[in-house]
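Each chain, letter by letter, is given below.
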Amino acid sequence: MIINGDVLIKVEDLHKVFNNRLHALDGVTEEIRKGEVVVIVGPSGSGKSTFLRSLNLLETPTTGHVFFEGTDITSKETDIDRHRQKMGMVFQHFNLFPHKTIIENITLAPIKVLKKSKADAEKQAMELLKLVGLEEKAHSYPSQLSGGQKQRIAIIRALAMDPEVMLFDEPTSALDPEMVGEVLELMKKLAHDGMTMVVVTHEMGFAREVATRVIFMDEGKIKEQGAPEEFFNNPEEPRLREFLSKIL
Amino acid sequence: MLQTLQDKFYGNFIEDNRWEYILDGLGVTLQVTFFAVIIGIVIGFLIAIIRSTYDKTGKLKILNFICKIYLTVIRGTPVVVQLLIIYFVIFGSADISKVLVAIMAFGFNSGAYVAEIFRSGIMSIDNGQFEAGRSLGFNYVQTMIHIIMPQAFKNVLPALGNEFIVLLKETSVSGYIALQDLTKGGDIIRSRTYDAFMPLIAVALIYLVMVMIFTKLVNMLERRLRNSDH
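So the protein lines, in turn, are chains H and D. Using the numbering used here, read the first sequence as starting at 1 and increasing by one per residue. Using the numbering used here, read the second sequence as starting at 1 and increasing by one per residue.
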């Protein structure tokens, strides 16, 4: 399936060098279109997380540009906070706020950043909690939840900002195996509802089933990409073949 | 035996209304401590923000440098010397209230320690919390206020309580600039009655009780903050 929506994120010749030595990104140019579900795979240290984190500038690129909805967000004049509101992010370690209840976790940014009324924000939060079947946890604290529950809350916390795109940084890597399914299930649901998603993951099943495009990164570069069928069945790049043979 | 004790008590505290030295001194001690704590928190908070902003983002380089000098000087010299310098050097020719001088000296001093306590609290919060806040669209300051500070404050509360206990007791050197605080009050009685035991033990007991009450309050606050987080 090829998606021909408008370009949402455009990345131009992105480089990232850590401590003047480690070349984590070595000239990445890429486009993410509306409605795409792009899964990025690659060995550890390949730069895939750095790439994802550069999209909302949690990682500041050393050189290169990132355009979001046509605006150069790497430019110093850009108000990055305003653009980040529209780019939801989900982390490997959930990063829920431990001092806030679940519903406060979800409503904090809508109230403080979007200036929504408390009632509106809570109503929306309850709908989102219903979506993931965790309404009864609204007034619990994060530490009272399982890993899978925490990650589902982290996802709907990002959704509460009505983002244009969702970025997932290894969302299931810190989970016990039996909890991976519930998180992937929610992500599939989002994909089917047309959410634009960029996902760094090791879940090849998810990539095969849900991705519209799979990208293979190695040594800070995009080495190969394509529709999942082509990507998994006819890999061309030797490094990708080696990588796939190790994990499949 | 009992009779002598009674006489001594009378001579030290009742005769010539000598208890007023203790009471007035206590008032001064509390006043100095209270306002010094506030100054300490304000200064400490500002320095901690500047220093951790520099640590996290590399911004505010010059301010960070100034803060570092402040911390080095304040923590590297005794508080009594700082008190004397402020009174006799900085305000040497000015007619200024000794209470005000003491408040400034102990406030500036405490600020340096509070700054490092706050900073360690901020740095102890996992960077993921910071990133989660920023990724939701909070700016740096909002992330600090809503996400980092509440958690940091809870983590440093015991150390902060300890700092204020130290501060309360440190004000006992205020006598060096002839400020009549609690300790000086007891000492004045001793010089009048030539009896050291009664007034000094009374002074010690009052400090002890104040510290115990304060410790209790901090523990209560700590427990309440912990309840909201499990």
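Hints may contain errors.
Unchecked claim - With a cut-off of at most 30 Å between alpha-carbon atoms, the simulated DSBU-like pairs for lysine-lysine come out as follows:
1. H:Lys115 with D:Lys56
2. D:Lys216 with H:Lys76
3. H:Lys221 with D:Lys56
4. D:Lys68 with H:Lys86
5. H:Lys221 with H:Lys118
6. H:Lys34 with H:Lys130
7. H:Lys188 with H:Lys130
8. H:Lys115 with H:Lys34
9. H:Lys100 with D:Lys61
10. D:Lys154 with H:Lys115
11. H:Lys116 with D:Lys68
12. D:Lys61 with H:Lys115
13. H:Lys10 with D:Lys216
14. D:Lys216 with H:Lys112
15. H:Lys246 with H:Lys86
16. D:Lys154 with H:Lys10
17. H:Lys76 with D:Lys59
18. D:Lys56 with H:Lys112
19. H:Lys100 with D:Lys68
20. H:Lys112 with D:Lys68
21. H:Lys76 with D:Lys56
22. D:Lys56 with H:Lys86
23. H:Lys100 with H:Lys189
24. H:Lys116 with H:Lys34
25. D:Lys154 with H:Lys118
26. H:Lys76 with H:Lys130
27. H:Lys112 with H:Lys86
28. H:Lys76 with D:Lys68
29. D:Lys154 with H:Lys137
30. D:Lys154 with H:Lys34
To be verified - With the C-beta cut set under 8 Å, the calculated list includes, among others, these residues of chain D facing chain H:
31. Ala132
32. Asn139
33. Gln151
34. Asn155
35. Gly175
36. Ala178
By construction, these hints were calculated from the structure, which means they are not laboratory data. Virtual Cβ for every residue (Gly too), placed ideally from N, Cα, C.
Status of the hints after comparison with the structure:
For a cut-off of 30 Å, the pair hint linking lysine 115 of chain H to lysine 56 of chain D stands: about 27 Å separates their Cα positions. Only pairs whose Cα atoms come within 30 Å are accepted, and lysine 216 of chain D paired with lysine 76 of chain H is rejected, the gap being roughly 50 Å. Taking the CA atoms of lysine 221 of chain H and lysine 56 of chain D, the gap is near 28 Å; set against the 30 Å cutoff, the hint holds. A C-alpha spacing of about 39 Å is found between lysine 68 of chain D and lysine 86 of chain H, which places the hinted pair above 30 Å, so the restraint is violated.
Simply put, lysine 221 of chain H and lysine 118 of chain H have alpha-carbon atoms about 45 Å apart, too far for the 30 Å limit, and the pair is violated. Of the pairs offered as hints, the one joining lysine 34 of chain H and lysine 130 of chain H holds, with about 26 Å between alpha carbons and a cut-off of 30 Å not exceeded. Restraint check for lysine 188 of chain H and lysine 130 of chain H: satisfied, since their Cα atoms lie roughly 17 Å apart, inside the 30 Å limit. Distance restraint check for lysine 115 of chain H and lysine 34 of chain H: the Cα-Cα separation of roughly 26 Å lies within the 30 Å cut-off, and the hinted pair is therefore satisfied.
For a cut-off of 30 Å, the pair hint linking lysine 100 of chain H to lysine 61 of chain D is broken: about 33 Å separates their Cα positions. Under the criterion of a C-alpha separation no larger than 30 Å, the hint pairing lysine 154 of chain D with lysine 115 of chain H is consistent with the structure, at around 27 Å. Distance check on the hinted pair: lysine 116 of chain H and lysine 68 of chain D sit about 41 Å apart at the alpha-carbon level, beyond 30 Å; violated. Note on lysine 61 of chain D and lysine 115 of chain H: the hinted pairing is violated, with a Cα-Cα distance of about 33 Å set against a maximum of 30 Å.
Between the alpha carbons of lysine 10 of chain H and lysine 216 of chain D the distance comes to roughly 58 Å, so the proposed pair goes past 30 Å and is violated. For the suggested pair lysine 216 of chain D and lysine 112 of chain H, the alpha carbons sit about 35 Å apart, so the restraint of at most 30 Å is broken. Between lysine 246 of chain H and lysine 86 of chain H the CA atoms are separated by roughly 36 Å; this puts the pair beyond 30 Å, and the hint is violated. Under the criterion of a C-alpha separation no larger than 30 Å, the hint pairing lysine 154 of chain D with lysine 10 of chain H is inconsistent with the structure, at around 42 Å.
Distance restraint check for lysine 76 of chain H and lysine 59 of chain D: the Cα-Cα separation of roughly 14 Å lies within the 30 Å cut-off, and the hinted pair is therefore satisfied. Only pairs whose Cα atoms come within 30 Å are accepted, and lysine 56 of chain D paired with lysine 112 of chain H is accepted, the gap being roughly 23 Å. Distance restraint check for lysine 100 of chain H and lysine 68 of chain D: the Cα-Cα separation of roughly 34 Å exceeds the 30 Å cut-off, and the hinted pair is therefore not satisfied. A threshold of 30 Å between alpha carbons decides the hint, and for lysine 112 of chain H with lysine 68 of chain D the separation of about 34 Å lies outside it, so the pair is violated.
At most 30 Å may separate the alpha-carbon atoms for a hinted pair to count; lysine 76 of chain H and lysine 56 of chain D meet this at roughly 18 Å. A threshold of 30 Å between alpha carbons decides the hint, and for lysine 56 of chain D with lysine 86 of chain H the separation of about 24 Å falls inside it, so the pair holds. Restraint check for lysine 100 of chain H and lysine 189 of chain H: satisfied, since their Cα atoms lie roughly 27 Å apart, inside the 30 Å limit. With a C-alpha separation of about 26 Å, the suggested pairing of lysine 116 of chain H with lysine 34 of chain H holds against the 30 Å cut-off.
Between lysine 154 of chain D and lysine 118 of chain H the alpha-carbon distance is near 25 Å, which keeps this suggested pair within the 30 Å criterion. Our distance criterion of 30 Å between C-alpha atoms is broken by lysine 76 of chain H and lysine 130 of chain H, whose separation comes to about 40 Å. Restraint check for lysine 112 of chain H and lysine 86 of chain H: the C-alpha separation of about 15 Å stays at or below 30 Å, so the hint holds. The straight-line distance between the Cα atoms of lysine 76 of chain H and lysine 68 of chain D is roughly 29 Å, inside the 30 Å bound, and the hint therefore holds.
Between lysine 154 of chain D and lysine 137 of chain H, the direct Cα distance comes to roughly 24 Å. Compliance with the 30 Å bound is thereby established for this hinted pair. Of the pairs offered as hints, the one joining lysine 154 of chain D and lysine 34 of chain H is violated, with about 43 Å between alpha carbons and a cut-off of 30 Å exceeded. Proximity of alanine 132 of chain D to chain H holds as hinted, the smallest CB-CB distance being about 4 Å (cut-off 8 Å). A cut of 8 Å between beta carbons decides the hint on asparagine 139 of chain D: the least distance to chain H is about 5 Å, and the hint holds.
Annotation: interface hint on glutamine 151 of chain D holds; nearest CB of chain H at approximately 5 Å, less than 8 Å. Hint on asparagine 155 of chain D is violated. Least Cβ distance to chain H is approximately 10 Å, over the 8 Å limit. Given hint, glycine 175 of chain D at the interface with chain H, is violated; its Cβ is 43 Å from that chain's nearest Cβ, farther than 8 Å. For alanine 178 of chain D, the interface hint is violated, the least distance from its beta-carbon to any beta-carbon of chain H being 47 Å, above 8 Å.
Hint compliance for this structure: hints 2, 4, 5, 9, 11, 12, 13, 14, 15, 16, 19, 20, 26, 30, 34, 35 and 36 are not met, and every other hint is.
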